[in-house]
Amino acid sequence: MVATISEQNSVSVAKELAIKIEHLNFYFGTGELRKQVLFDISLDLPKGQIVILTGPSGSGKTTLLTLLGALRTLHEGSLQVLGKEIVGLPDKALIPIRRNIGFIFQAHNLFESLSASQNVETSVELTRNIGEKRQLAVDMLGQLGLSDRVDYKPNALSGGQKQRVAIARAMVNRPKIILADEPTAALDKASGRDVVTLMRHFCEEAGTTVLMVTHDNRILDVADRIINLVDGRLESDSDLETQTSRIS
Amino acid sequence: MGRRVSVAWMNLLHERTRLLVAIAGVAFAVLLIFMNLGFLGALTATTTNFYEQFNADLFLSSPETLEVSTTTAFPRERLYQAEGIPGVSRVMPLYSGYVLWRNPDPPHTSRAMFVWAYNPDDPVFLMPELETPSARRILQQPNVVFYDLRSRPDFGSSEIGTVTEAARRQVTIGGNYSLGGGFAADGTLIMSDQNFVRYLSPRPLDLVDTGLIQLTPGANPERVVRALEQALPADVDVYTKAGIMLRDQTYWISSTSIGFIFGLGVLVSFVVGIVIVYQILYTDIRDHLPEYATMKAMGYRNRYLFQIVLQEALLLAAMGYVPGLIVSLGLYELTLNATAGSLPVQMNLSRVGFVLVLTILMCSVSGLISVRKALSTDPAEVF
Ligand SMILES: Nc1ncnc2c1ncn2[C@@H]1O[C@H](COP(=O)(O)OP(=O)(O)OP(=O)(O)O)[C@@H](O)[C@H]1O
Ligand SMILES: [Mg+2]
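Protein chains in written order, with my numbering: chain H, 1 to 248; chain W, 249 to 631.
Calculated from the structure, these hints are not laboratory results. Heads up, some of the hints might be wrong.
To give a feel for the contact side, a few chain H residues facing chain W, derived at Cβ under 7 Å [what the hints assert, rightly or not]: (1) T62; (2) T66; (3) L71; (4) R72; (5) R99; (6) F103; (7) N109; (8) L114; (9) D181.
From the three backbone atoms N, C-alpha and C, an ideal C-beta is built for every residue, glycine too.
Let the hints inform the model, and build the full structure from the sequences given.
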């Protein structure tokens, strides 16, 4: 397993990187209560790669995701997102970086008061593309198989449909990076499968890098690469691309 | 299309029951504020409504006088000086004070009665009962007075011909009029300046309590006031009718508790409004915390969340103000009818504007207090 890590590194040097992490440490709390959660993480994610992050509960997966999403300020090591160093940046400077990233949460976190389309439009509004926002939102929902649900409120949608709206919201601006935390946890097997297949399809097309945390063994096959985190340390990193020949 | 999704509007509409409660709450606070201001305004008006019956455009009064019933007298000479100013057509000295009035009916208790006195040839008052030549003749008779029908009943009979005592001298009621004494006097009399000297001796007529000035038609009151202020020494102030009413009202509002009571009423209503709107907004924000956090994770700045909450607050202000105003208008009408006009509650444009501003302020304050909750959400906590 250790061998595959170095092998992977040598492969990816040639490719452009979406995320580059070097010797990253992260702590919760301060003073006596300070507790290290991530230990000396070094990891490169090339553009367009679809990566699944697994690991036992409490190992730091969600924490790592929030760091990559520029949701927390960082002080130790190096973390470059789309070529921009994030370590040491103040909270305010992190906000524009977030706009290049699509987030998908375990809970869909849609505004109950807004229709599916309006929820997606709130994302488009960030890009000042306000004139076409409705069109963009409807197109995106259509590609996710929700053409006949664009004006439904979340209450009137099934769990899988809600999660697809959330995915539409995350992807409508064609972000370079998608970060997803157990996006299928609240779904049954079939809709979970649908959701990740759709994600895979879009990200391949748009060259989006995906980092997805999941406990769901049934969907591991959508990944190009699987990373395992244990107790805040990278335990293993297996590149499926090199093992199975991909047709693309 | 092309407009931003109004998250504020959609959030409010989404919870219909909560929206209705919020509107009712704001409307209630608006109503309470209007009623307090209405009563305050009406009571304030009753303190000085007798001024309406003065047949004068400008007034002279000592700077030491706080309101018309407790005056510091000033030299009559000032009125003669004023007479020379262009625009002044007539000056009239007015004397005032209290006499002890003996109730002509048993048990003959004596009470302080307020007296207006002037030369009966001067048209000081507008009341029709005083304008006739016979009324003037009666006023000129010694020891005869006119009696105010709006005096409290405990001063006794108001009947013409009634004989009793004022300041231990015999007095006859020679006529009636209807004026009222505002907050200053429970009962009033009108008598000639000559009688005034008798009843309030030793009181020289060359010291005047209030000076009344009539202007020539077409004269600009403001300009004449300025000219008078320049010409006259500092022992008199010059007022328009509205000005002297304001002086007296200011005195009554600050010296009695009415200003305090109704001011407090407005304040309490305002705070009640803040609390209601705060409750509504806070609940709304709390219900949407994950969504707000998600918006932050998407790259929205705090400013945007701030706008949403403030917009919700302002929408509530607008939606609550209108029904509040409408119901208040109804209640004003009702009060006016129920008190047969003695409590003249009336809406005016400046109050409509003032309460609107208060309502916006009220909702904004609630918005500002509750928005902190939304701003403090940590986008890292929604994963
Ligand atoms: N806000 C926080 N403050 C302090 N400690 C935290 C906080 N969030 C997480 N932790 C701790 O950090 C460690 C990693 O948590 P994290 O949520 O990243 O784990 P995870 O791998 O996502 O687990 P799970 O699979 O259960 O979601 C845990 O020990 C957790 O208790
Ligand atoms: Mg987690």
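**Prompt:** Broken hints, numbered, in rising order?
**Reply:** Hints that this structure does not satisfy do not exist here, as all of them hold.
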